[in-house]
Amino acid sequence: MYSFEFERPTTIDDAVAALSRSGAQVIAGGQTLIPTLKNRLASPDVLVSLGAISELRGISVSSGSVVVGAATTHAEVAHSAAEAFPALSGLANNIGDPAVRNRGTVGGSIANNDPSACYPAAALATGATIITNSRRIAADDFFLGIFETALDEDELITSVEFPIPAAANYQKFEQPASRFALVGAFVSRFDTCVRVAITGAADSGVFRWSEAEKALTASFSPDSLAGLSVEADDMISDVHGSQAYRTNLVAVMTRRAVAAC
Amino acid sequence: MATVHMVVNGREVSGEVEGRTLLSDFLRNGLKLTGTHIGCDTSQCGACVVHVNGKAIKSCTMFALEASDSTVTTIEGMANEDGSLGIVQQAFQDHHGLQCGFCTPGMVMSAAALLSENLTPGEAEIRDYLEGNICRCTGYQNIVKAIQGAAEELAA
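Read top to bottom, the protein sequences are chains A and B. Its first residue numbered 3, the first sequence is counted upward by one per residue in the working numbering. Its first residue numbered 602, the second sequence is counted upward by one per residue in the working numbering.
You may find that some hints are simply not true.
As the list claims (entries may be wrong) - Here are the simulated DSSO-like cross-link-like pairs (lysine-lysine), alpha carbons at most 27 Å apart as the crow flies:
{"#": "1", "chain 1": "A", "residue 1": "Lys-40", "chain 2": "B", "residue 2": "Lys-633"}
{"#": "2", "chain 1": "B", "residue 1": "Lys-633", "chain 2": "B", "residue 2": "Lys-656"}
{"#": "3", "chain 1": "B", "residue 1": "Lys-746", "chain 2": "B", "residue 2": "Lys-656"}
{"#": "4", "chain 1": "B", "residue 1": "Lys-656", "chain 2": "A", "residue 2": "Lys-40"}
To be verified - With the Cβ distance kept under 8 Å, some of the chain B side facing chain A (calculated, not the full set):
{"#": "5", "residue": "Arg-629"}
{"#": "6", "residue": "Leu-632"}
{"#": "7", "residue": "Met-663"}
{"#": "8", "residue": "Ser-685"}
{"#": "9", "residue": "Gly-687"}
Quick caveat, the hints were computed from the structure, so don't treat them as lab data. In this text, all values refer to a predicted model and were calculated from it rather than measured experimentally. Yeah, the Cβ is synthetic: ideal placement off N, Cα and C, and Gly gets one too.
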């Protein structure tokens, strides 16, 4: 990997100041970024570590939501959200492997917006709010395309607020080598609506399956999804699965998630 | 270059590292603790697993500077003070939980992390926990037995 300067601020303000330097980039848990750096697919001049900023870590649970600090690890989410929001805890507990879960963070996953990552589906399906050092961004406005978000260059996610649905479930069909979602479906049932977010499947990244949402809002049952399908032309086709395969998986995983709610 | 301080296997250490120096490189080249193995260097194989502040992590996918002021335990730190094998290490020997031995340091560190969280893991829990540790001799059967043996020993 190319050389860079390493900064390890202890406050959010210092991190934001460091990020305004030319060629600066954030590193959270580094479970995606370090392999990327090794492959020389990124070459920042300055890496700004979030590892020493204690105010970015931790989980607070209130009656209606779970607020997760951006630098909270998947293992901590799996542990601390287990009671208040089991679907989110389960999602966190099924990312990568135990050692990866001890380093990878919620903020890192959401800021990276990998088209096969799990957290973007949870954020979109719960109508989460992405809180940065300067503003609050609705998940619906945050994920703009694969590896692309509404974040500005020197903007930092500080926490993510997940509303807790009345019922929710996440089903992931794993790509067996990477453990990323070949297709993942997160279903949230709220009192007045249902939200369905799909990851891993589409060329444009995580998306809401609005047709399924309408059908499930009318009647929350796997049978409501009968005959519904996403547009195959919008799906990813690669060595792991064709468009037709992913199109089918979207329907299957969504049905399973509804059945498990 | 920057100076990094940490406590490794109970000993305070420091060294000069670059920003890009991986923890695995600092342990092996800086501290000459070559028990931590580097198999894939892509955070898949788990041969490089060590504990940072009690948590299992892949040391090839963490910068040394990220471990500043942390407590690190490597496979060398799993032995007893007199140099004899610790309980988990001994269980791997007793149950033939290794063949070529390359993956063993990571296996032992992951096993110890699991047992620190759960002293009575079932076979499925053990296999699930070892998802990020790959043994290319495919000796998983005896690795699982070794961890079950270590669990019994620790509970006794």
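Here is how each hint holds up against the structure:
no.: 1; hint: A:Lys-40 x B:Lys-633; in the structure: holds, 23 Å
no.: 2; hint: B:Lys-633 x B:Lys-656; in the structure: holds, 22 Å
no.: 3; hint: B:Lys-746 x B:Lys-656; in the structure: holds, 23 Å
no.: 4; hint: B:Lys-656 x A:Lys-40; in the structure: holds, 24 Å
no.: 5; hint: Arg-629; in the structure: violated, 16 Å
no.: 6; hint: Leu-632; in the structure: violated, 19 Å
no.: 7; hint: Met-663; in the structure: holds, 6 Å
no.: 8; hint: Ser-685; in the structure: violated, 27 Å
no.: 9; hint: Gly-687; in the structure: violated, 20 Å
Consistency note: the structure conflicts with the earlier hints numbered 5, 6, 8, 9.
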